[in-house]
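**Q** Work the whole structure out from these sequences, hints included.
Protein chains: 2
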Amino acid sequence: MKVAKKITTVRKAVDSAKRRGQRVGFVPTMGYLHEGHLSLIRQARKYNDFVVVSIFVNPIQFGPREDYRRYPRDLRRDLKLCKEAGVDLVFAPSVEEMYPQPFLTYVEVKELDKHLCGASRPGHFRGVCTVVAKLFNIVMPDVAYFGQKDVQQARIIEQMVADLNFPIRIRIMPIVREPDGLAMSSRNVYLSEEERRKAPIIYQSLLKGKRELLAGRQVGRVLKELARDVEMAGGKVDYVELVRWEDMAPVRKLAPGERYVLAMAVWFGRARLIDNVVFRAGERG
Amino acid sequence: MKVAKKITTVRKAVDSAKRRGQRVGFVPTMGYLHEGHLSLIRQARKYNDFVVVSIFVNPIQFGPREDYRRYPRDLRRDLKLCKEAGVDLVFAPSVEEMYPQPFLTYVEVKELDKHLCGASRPGHFRGVCTVVAKLFNIVMPDVAYFGQKDVQQARIIEQMVADLNFPIRIRIMPIVREPDGLAMSSRNVYLSEEERRKAPIIYQSLLKGKRELLAGRQVGRVLKELARDVEMAGGKVDYVELVRWEDMAPVRKLAPGERYVLAMAVWFGRARLIDNVVFRAGERG
Chain A
0 MKVAKKITTV
10 RKAVDSAKRR
20 GQRVGFVPTM
30 GYLHEGHLSL
40 IRQARKYNDF
50 VVVSIFVNPI
60 QFGPREDYRR
70 YPRDLRRDLK
80 LCKEAGVDLV
90 FAPSVEEMYP
100 QPFLTYVEVK
110 ELDKHLCGAS
120 RPGHFRGVCT
130 VVAKLFNIVM
140 PDVAYFGQKD
150 VQQARIIEQM
160 VADLNFPIRI
170 RIMPIVREPD
180 GLAMSSRNVY
190 LSEEERRKAP
200 IIYQSLLKGK
210 RELLAGRQVG
220 RVLKELARDV
230 EMAGGKVDYV
240 ELVRWEDMAP
250 VRKLAPGERY
260 VLAMAVWFGR
270 ARLIDNVVFR
280 AGERG
Chain B
0 MKVAKKITTV
10 RKAVDSAKRR
20 GQRVGFVPTM
30 GYLHEGHLSL
40 IRQARKYNDF
50 VVVSIFVNPI
60 QFGPREDYRR
70 YPRDLRRDLK
80 LCKEAGVDLV
90 FAPSVEEMYP
100 QPFLTYVEVK
110 ELDKHLCGAS
120 RPGHFRGVCT
130 VVAKLFNIVM
140 PDVAYFGQKD
150 VQQARIIEQM
160 VADLNFPIRI
170 RIMPIVREPD
180 GLAMSSRNVY
190 LSEEERRKAP
200 IIYQSLLKGK
210 RELLAGRQVG
220 RVLKELARDV
230 EMAGGKVDYV
240 ELVRWEDMAP
250 VRKLAPGERY
260 VLAMAVWFGR
270 ARLIDNVVFR
280 AGERG
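Protein sequences, first through last, are from chains A and B.
Sequential numbering from 0 applies to the first sequence in the working numbering.
Sequential numbering from 0 applies to the second sequence in the working numbering.
Keep in mind that the hints are not guaranteed to be accurate.
A pair counts as met if it fits within one copy or between any two copies, since identical chains are not told apart.
Unchecked claim - Simulated crosslink set (SDA-like; lysine to any residue; CA at most 25 Å straight-line):
id, residue 1, residue 2
1, Lys4, Ile167
2, Lys1, Asn164
3, Lys113, Gln100
4, Lys109, Glu95
5, Lys4, Asn164
6, Lys4, Asp141
7, Lys207, Val276
8, Lys113, Pro99
9, Lys109, Tyr98
10, Lys113, Ala226
11, Lys113, Asn164
12, Lys5, Pro71
13, Lys109, Ile6
14, Lys79, Asn47
15, Lys109, Glu96
16, Lys11, Asp48
17, Lys11, Asn136
18, Lys45, Ala12
19, Lys113, Leu103
Treat the hints as calculated values from the structure; they're not laboratory data.
Please read these numbers as outputs of a predicted model, since none were measured by experiment.
**A** This is the structure in structure tokens:
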């Protein structure tokens with residue numbers, strides 16, 4: 000496994016893989032890898048000849064009061080996991096390599112960032128799109144893998160790729176969970192023992208919400224109930240929303256056949272956790 | 000020469016050129032080709048194996064009161080000129096092919112769009128960057144050619160390519176002029192006979208301005224004088240500015256060795272014409 004700090008090293012390695020006729024799969028990450036990332040890497044390994052993983056905590060997607068500085072990092076462990084998973088190339092650039100000054104260009108997807116995390120993290124998705132566009136241009140993969148846990152991010156990237164004609168296929172893979180249902184996240188490390196014990200309420204309430212929505216209960220009431228359940232368990236709800244997959248806009252009523260996301264962001268202590276379930280109306284109703 | 004209306008056709012043609020080991024040169028245009036465009040195409044022809052020209056009047060770079068609808072178009076003539084110039088592939092898509100709905104993604108270069116045309120055409124460079132990013136992802140050229148007449152556009156594209164790591168080299172080629180000095184422009188066709196006779200004052204005054212700036216005359220005074228000269232000839236000055244090449248920001252004083260752009264936008268009748276001269280301070284002073 001090769002580890003590249005420089006953009007030119009990545010370009011050379013990928014170029015020569017492509018010249019050998021190899022198909023390139025790419026998993027962009029912020030490191031501190033967990034089973035969620037590894038499921039993406041395994042998927043990339045399975046369907047591609049040359050697998051690239053990037054590890055870069057992207058400063059421009061964090062707000063001024065967010066956790067950029069304390070975001071967990073452990074490159075040595077990440078490299079070990081990548082190697083074990085059969086990754087061919089890890090790209091782990093410095094901030095200076097990615098953002099030489101002056102840096103002035105931003106990619107933005109309108110509308111889709113209005114709700115969910117976009118509402119509480121202004122500028123976040125602009126930072127995500129910009130770094131992903133850069134990484135796509137650096138790695139030039141055939142396929143890129145994203146996790147459904149960051150569902151709004153995945154939807155936005157999908158739109159960006161379509162709108163800007165990136166010659167890349169986007170694969171969105173299912174959320175990987177702990178045995179008790181908590182979605183895997185690098186930020187779970189922020190949880191105290193007690194918070195960790197209580198955090199699975201997020202997924203439990205999402206499942207309950209989905210059931211009740213499909214049973215025809217009123218959207219507003221279901222959302223309020225979910226928020227109450229989570230707050231009772233000690234979480235502080237940032238948002239709980241039902242949005243259409245297509246435009247990530249909140250809805251008050253299900254339309255048959257339409258695809259929805261029931262999503263939540265909850266603070267447990269200093270950890271802001273997100274999770275979601277995706278379903279189609281009329282799926283079981 | 001192949002003419003493609005569809006993105007997939009372009010991808011296939013360029014892919015197979017690349018597989019033959021050919022180097023791809025690209026000239027993006029809005030059509031109604033003149034000697035300026037042709038000089039770019041000839042340069043592309045000289046240094047590349049496979050030359051792609053795009054012809055697309057990009058709606059999203061025009062303001063609501065601008066000349067999108069009446070912008071001159073003559074595809075048949077353009078194709079003839081491309082063929083004569085040895086172009087391999089012309090990409091002439093429809094608006095629907097380039098902007099299927101919903102279209103939500105925009106690329107923006109901050110700061111560099113604050114002055115010159117950016118100040119009088121809000122959203123213009125966002126539209127330019129977005130379409131150029133799309134075209135780059137569709138054509139995937141090794142080199143792309145831009146004219147110095149649209150100097151702010153060229154500088155902004157250069158920055159976008161650096162910031163987003165497009166694996167493309169940008170070449171900025173000199174302005175091509177009519178025998179009397181008027182910069183070639185598709186919009187010259189809007190000029191009445193009398194306006195056409197007077198329009199060369201733009202370049203004459205830019206040359207005079209450059210001389211006087213290099214001779215050490217005060218920037219503010221020189222700019223005022225140029226504006227007066229042009230207005231005397233019947234032009235209506237939109238802006239006349241001296242900016243640094245690097246950050247496209249106005250300066251009031253030259254610093255030795257620094258690169259500058261003296262630029263002007265002038266209305267003659269219903270034609271908004273732009274022109275500029277680029278020079279280095281201390282070049283002759």
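**Q** Each hint: holds or not?
**A** Status of the hints after comparison with the structure:
Taking identical chains as interchangeable, the C-alpha atoms of Lys4 and Ile167 lie at most 25 Å apart whether they share a chain (23 Å) or sit on different chains (21 Å). In this assembly of identical chains, Lys1 and Asn164 lie within 25 Å of each other by CA distance solely across copies; the values are 21 Å between and 29 Å within a copy. Proximity of Lys113 and Gln100 under a CA criterion of 25 Å is satisfied inter-copy only: 18 Å between copies versus 29 Å inside one chain copy. In this assembly of identical chains, the alpha carbons of Lys109 and Glu95 lie at most 25 Å apart only when taken from different copies (19 Å versus 28 Å within one copy).
Within a single copy, Lys4 and Asn164 get their C-alpha atoms only as close as 27 Å, which misses the 25 Å cut-off; across copies the closest is 15 Å, which meets it. Taking CA atoms no more than 25 Å apart as the test, Lys4 paired with Asp141 passes in both settings, with 21 Å inside one copy and 24 Å between copies. Proximity of Lys207 and Val276 under a CA criterion of 25 Å is satisfied intra-copy only: 10 Å inside one chain copy versus 67 Å between copies. With identical chains, the CA atoms of Lys113 and Pro99 are at most 25 Å apart between copies only, with a shortest distance of 21 Å across copies and 30 Å within one.
Taking the closest pair of Cα atoms, Lys109 and Tyr98 come within 25 Å of each other both inside a single copy (23 Å) and across two copies (14 Å). For the homomeric pair Lys113 and Ala226, the shortest alpha-carbon distance inside one copy (20 Å) is at most 25 Å, but the shortest distance between copies (45 Å) is not. For the identical chains of this complex, Lys113 and Asn164 are intra-copy neighbours only, at 23 Å inside a copy versus 28 Å across copies, given an alpha-carbon limit of 25 Å. Taking the shortest alpha-carbon separations for Lys5 and Pro71, only the intra-copy value of 22 Å comes in at or below 25 Å, while the best inter-copy value is 46 Å.
Taking CA atoms no more than 25 Å apart as the test, Lys109 paired with Ile6 passes between copies only; the shortest distance there is 23 Å, against 29 Å inside one copy. In this assembly of identical chains, Lys79 and Asn47 lie within 25 Å of each other by CA distance solely inside one copy; the values are 20 Å within and 44 Å between copies. Within a single copy, Lys109 and Glu96 get their C-alpha atoms only as close as 28 Å, which misses the 25 Å cut-off; across copies the closest is 20 Å, which meets it. Within a single copy, Lys11 and Asp48 get their C-alpha atoms as close as 16 Å, and across copies as close as 22 Å, so both meet the 25 Å cut-off.
Proximity of Lys11 to Asn136 under the C-alpha cut-off of 25 Å is found in both arrangements, the shortest distances being 13 Å within a copy and 19 Å between copies. When the C-alpha separation of Lys45 and Ala12 is checked against a cutoff of 25 Å, the pair qualifies only within one copy, where the shortest distance is 20 Å, while the shortest distance between copies is 30 Å. Within a single copy, Lys113 and Leu103 get their C-alpha atoms as close as 23 Å, and across copies as close as 12 Å, so both meet the 25 Å cut-off.
The structure shown violates none of the earlier numbered hints.
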